[in-house]
Every structure is written in C-alpha cells, then in structure tokens.
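Q: So the chains spell out like this:
Protein chains: 2
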Amino acid sequence: MTHPIRTVAIVGGTHGNEFSGIYLEKRYREHPELVARSSFSVRTLIANPEAHKANKRYLHSDLNRQFRTKDLTDPSLTNYEQSRAKVINAELGPKGAAKTDFIIDLHNTTSNMGPCLILTQAGAVYNLLAAYVKMKMPSAVISRDEDHFAAEDHALLCTVGTYGVIVEVGPQPQSVLRQDVLEQMHEMTQHILDFIELYNTNQLPELPKRTPAIRYLHSIKLPMNAQGERIGMVHKNVQDHDYEAIHPGDPLFVLFDGTVLPYEGDTVVYPTFINEAAYYDNNLAMSFNEQVWIELP
Amino acid sequence: MTHPIRTVAIVGGTHGNEFSGIYLEKRYREHPELVARSSFSVRTLIANPEAHKANKRYLHSDLNRQFRTKDLTDPSLTNYEQSRAKVINAELGPKGAAKTDFIIDLHNTTSNMGPCLILTQAGAVYNLLAAYVKMKMPSAVISRDEDHFAAEDHALLCTVGTYGVIVEVGPQPQSVLRQDVLEQMHEMTQHILDFIELYNTNQLPELPKRTPAIRYLHSIKLPMNAQGERIGMVHKNVQDHDYEAIHPGDPLFVLFDGTVLPYEGDTVVYPTFINEAAYYDNNLAMSFNEQVWIELP
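Line order of the protein sequences matches chains A and B.
If you use the numbering used here, the first sequence closes out at 343, no skipped numbers anywhere.
If you use the numbering used here, the second sequence closes out at 343, no skipped numbers anywhere.
Pulled out of the complex, with its shape left as it was, chain A reads as follows (with noise of 0.2 Å):
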C-alpha cells in the first residue's frame, strides 16, 4: 500500500434538491460515531446549501460542472455556485495538491439506477473499492463514468480529493425522501467507509478477480425539432430499464405523433439515467455505456 487515506470527507446537498444526501449528512454530523473509524478523519458538508433552501438543483449554473482546474482558477467565473466551487476547492483541495484524500459525493437519480457507484479515474485503489462494495452489496452497480479525462479536466466536485467517488441513487424524486433510497444511500456509504479502514490497515479481505461494471460512452439527447423544442420522449419499454441492453432497432424514442424511432447505433449499449429529470433543461435523454470488467491482480 503505497499511500494510506488520512482525511475522508463525505458531502451532500451538491444538487440542491436531491435530499437523501442532505439529510445523511445532517444524521452523520449529528452522529459522527456513524462514520468514524480509527486510521483517518471525516469531515461532512453541505455543498449547496443555498441551492437547497431554493427547492432546485442549483441557482445559477450545475455545482457538479464546475470543477475543471482551469475554471477553480479562472477569476472571472463568479456566479453562485462558480464561487461555491472555489470555496469547495480551498476547504477540501486543493485539486491536484488536495488536503482531502478522499471524498464521497452523495446524489440522488430520478431514474431506476438503485445503488450505484460512480468512479471517475482508473486505478488500483478505485478497482479494490469496486470488488468491495460490489462483493458486500451485491445490489450496487459499478459505474466508470468518464474515466477517459484527465482528473484536471473533470468538472465534478468529487475530483478535488485525491480520491473521489459518487455515490448516485435512484429512483426518487427531486424533493422527496424515501425510506428505501436513504438506506441504500447509508448502506453503499458504509461499505466504502470500512473498504478505507481495511486498506489503511492491511486488513482486506480476499476480493473477487472480476467484477462486473460499466463504461460511460456519451449520452443522447430526446427528439427536438429545428426550434429546439421537444417532439418526442423515451420510449415505454425503456424508462426504468436503466442497465437493461438496448439492441441496434430496439425502440428508443416515441415521437408525440406516435412514430417510433428505433435505436440506430450498430453495438448494444447498456443505458443509464434515463429520463433524468434534471436534464430538462439540456434535453439529454439517457446516457449510454459499455460493459466491463474491473480486474485485480
């Protein structure tokens, strides 16, 4: 083990209005004994917190696209939630020099995703995080979104920790708590919270060879016309199919008239965060993703 996690954080709130996370991390701060353990520190914040008391995912531009290192040090990016990330930066990173080992950024999907664990970088610790969590939580699905950028180029606020994660999920609505995805959430929490422990102290127990997992392609946008406006959604038997293979003419889309439009790529995909209602605003319909093995020596 060549470098040991020392200080954890675990923030909520970095959506506004997805509360699982800010009432998680109301209950852990209220009660650190939950995530305490004995070879490093935690720290828990409210990313967002202004954005929440608005009821939105945030007030002016996604918190969760603002963390390129080129933007935390572009003076001239100054709106609300472009400073919260420079605060963010100053409190946990600084990115790429990070006081914070490791951060675990608590979402919440409107789309049928369940547990999932989101991983933005390869590496040895990211894959034995995978073969933990999934080897503990068999429900968790094992998510490697983008982990063909840079660190510096990734805008997530998890990417300001030396080591960081999303834990995303779903199904619940923005502004609703449900019992079911609360628990999930504190569930996947924990998991990673013991993996940090056992690897600081050498205590791992024999993980899986493989474990099952998929990759971020790109992500699709719903039917528009010239005008930018709508003309269609997600087909009924692919909404909350988020995992489910999509074949080449498998249909993707019904346009408002009744036409069908069938998927037309030549490879099966494996989509996620279908019809996600915080993509309203960029009409995105789903993301699409490969499936992979994580492998360890």
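In short, the hints are calculated from the structure, not lab data.
Warning: the hint list may mix true and false statements.
Heads up, the list lumps identical chains together, so a pair's fine if it works in one copy or across two of them.
[Claimed, not checked] Okay, derived cross-link-like pairs now, DSS-like style, lysine-lysine, Cα gap no bigger than 27 Å in a straight line: (1) 267 x 282; (2) 102 x 267; (3) 102 x 255; (4) 255 x 282; (5) 99 x 255; (6) 116 x 255; (7) 182 x 282; (8) 182 x 72; (9) 182 x 102; (10) 99 x 282; (11) 72 x 282; (12) 102 x 72; (13) 145 x 102; (14) 99 x 267; (15) 267 x 72; (16) 116 x 145; (17) 116 x 182; (18) 182 x 255.
Guided by the hints, dock chain B onto chain A, whose structure is given.
A: Frame of chain A; chain B shown alone:
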C-alpha cells in the same frame, strides 16, 4: 338532462413542473381534432406559463390554491399566481356564473396514484361521470376531494367552471415526461370528453349502479421537532402504497434514529399523495381518505 355542457376548457400547467398536462395541452392545441366533439366547443390553456419557464411548481404561491371567491375579488392579492388566478377567472369564469361549463385540469403527482379522477363537488353529473370513467377505464380511481366545501370556498382552479374535475396521474417526478403517464392522462381525458358528448346527446350507455370511490378526510404532516425540522419520513411499508388500507397500529413513519411511529387513529384509512414532492414546503406526508360508493338512482 337539465343543463347541456356547451363549453369545455382543458387546462395544463397549473403547476409549472407537471409535464404531462403541459405536453398534452400543446398536442391538443396543435391537433384540435383530438378533442373536438359535436355538441360542445373546447379551448385549451396553459395556466402558469412563467412557472413552467422557471421549471417550478409556482413562482410566488401555489396557483391551485388561489380560486376562492373571496380571494378572486380581493384586490390586495397581487403576486404572480394571484394575478393569474384573476385573469383565468375572467377568461374561463367568473366563478359562480361561468362562461365555461366544464373545466378539466391536468395534473401530475410524484405519488404512485395511477390515473385518478378528482371530483370536487357532489351531484348527478359527477356521479354519472364517475360511473362512466370507471366503467371505461377500470384502472382509474375516483376521488371525492373536499366535497364538503361549498364551491365558493374551493381554492382549486377547476372550480371556476360550472363543473370541474382534476385528472391527476402519477407517479411521475417533477420535470419528467413519462410515456405511460402521458397515455393514461390522454385516455382519461378522452373518456371525459366522450362522456360529455354522450351526456349532451342523451346517449349514455347503461352505467353501473354503484362505483367505488374514495373520499378525502384530512392531510397529515411528517414528524417534526419544535424547530419545524423534519425528524422522520414515511415508512417504507407505506411508500408507493397509495389507496391501500392503513389499519390502527400499522407503521406510518420512521424517525431518522430508527424509531417506528404507528398510525394512531382508530379507523381504517386509505392514503393518497404519499410523500408527494410538492409538499416539501408544508411538510405534508399524505392525505387520508375513506372508502365510499357513488350510487346512481
């Protein structure tokens, strides 16, 4: 038949982030043949366009709580939704002497309520409508909501018409458009229009003498502390189980410390709007209802 129904209004977007009605109104506006019938005229309306542009339920206050007769005539009520209510009352009403005989107001809920037809008043036309819709669409639930209020004390938009109903379909997260939910809303709206046509032309088929329905009793709040902060949430046994009986002693809430709070009433109740996202600001947990029958002579 005493009063034929000659003018019908179909209203979407009374809440700006309930997308099914907003898209259905647009479709009906662009394809009026979908709602045209021989015996009445139809107009459509987006009630709260600024809230929709802001992707919010409302800007200043809930539009669907602004239609009490005394509020509509109170010049001191001037915020955006209070102003929209006065304009809509002038366009479709005035309440109590309306130029619109029948208003269909299209709504979504994040709760698992399926297609629900909400009646706000009692009376022979409502009873016939309920029997017809339930016969044509067995998955529909008929809800008598606050039928113990006089019409002038009703705050709902649909009460501006001589007759008015709410088509309430869920579950759908705010700011999401689901094909299945849109189809259910379209189907129920079509049944209502067909009913009006058959009623006007004295061609109603034989209808069931008894139609099951629920009747609103009262709403209950989430557990809160003295500071008004939520200290618990809807129990997972109740979540998504709209319309299913809650018996005295059944789990109702779970506090964040794990304590289960049972239902403490002494009669069986049937919940609706369980954990509805829009009630984040007033901490409502759900509505309680009783089972009733709608009887035809």
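Q: It remains to establish, for every hint, whether it holds in the given structure.
A: Results for each hint:
For a Cα distance limit of 27 Å, the shortest separation of residue 267 from residue 282 inside one copy, 16 Å, qualifies, whereas the shortest one across copies, 34 Å, does not. In this assembly of identical chains, residue 102 and residue 267 lie within 27 Å of each other by CA distance both inside one copy and across copies; the values are 22 Å within and 22 Å between. Taking the closest pair of Cα atoms, residue 102 and residue 255 never come within 27 Å of each other, the shortest separation being 42 Å inside a single copy and 47 Å across copies. In this assembly of identical chains, the alpha carbons of residue 255 and residue 282 never lie at most 27 Å apart, being 37 Å within a copy and 36 Å across copies at closest.
In this assembly of identical chains, residue 99 and residue 255 lie within 27 Å of each other by CA distance neither inside one copy nor across copies; the values are 45 Å within and 50 Å between. Taking identical chains as interchangeable, the C-alpha atoms of residue 116 and residue 255 are never at most 27 Å apart, the minima being 37 Å within one chain and 71 Å between chains. Taking CA atoms no more than 27 Å apart as the test, residue 182 paired with residue 282 passes between copies only; the shortest distance there is 23 Å, against 33 Å inside one copy. Taking the shortest alpha-carbon separations for residue 182 and residue 72, only the intra-copy value of 25 Å comes in at or below 27 Å, while the best inter-copy value is 49 Å.
In the homo-oligomer, the alpha carbons of residue 182 and residue 102 never lie at most 27 Å apart, since the shortest distance is 34 Å inside one protomer and 39 Å across protomers. For the identical chains of this complex, residue 99 and residue 282 are inter-copy neighbours only, at 26 Å across copies versus 34 Å inside a copy, given an alpha-carbon limit of 27 Å. In this assembly of identical chains, the alpha carbons of residue 72 and residue 282 lie at most 27 Å apart only when taken from different copies (20 Å versus 37 Å within one copy). For the homomeric pair residue 102 and residue 72, the shortest alpha-carbon distances inside one copy (18 Å) and between copies (26 Å) are both at most 27 Å.
For a Cα distance limit of 27 Å, the shortest separation of residue 145 from residue 102 qualifies neither inside one copy, at 30 Å, nor across copies, at 38 Å. Only between protomers do residue 99 and residue 267 lie at most 27 Å apart by alpha-carbon distance; the minimum there is 20 Å, versus 30 Å within a single protomer. Proximity of residue 267 and residue 72 under a CA criterion of 27 Å is satisfied inter-copy only: 21 Å between copies versus 36 Å inside one chain copy. In this assembly of identical chains, residue 116 and residue 145 lie within 27 Å of each other by CA distance solely inside one copy; the values are 19 Å within and 60 Å between copies.
For the homomeric pair residue 116 and residue 182, neither the shortest alpha-carbon distance inside one copy (38 Å) nor that between copies (60 Å) is at most 27 Å. Taking CA atoms no more than 27 Å apart as the test, residue 182 paired with residue 255 passes inside one copy only; the shortest distance there is 14 Å, against 56 Å between copies.
In this structure, the earlier hints numbered 3, 4, 5, 6, 9, 13, 17 are contradicted, and the remaining ones agree with it.
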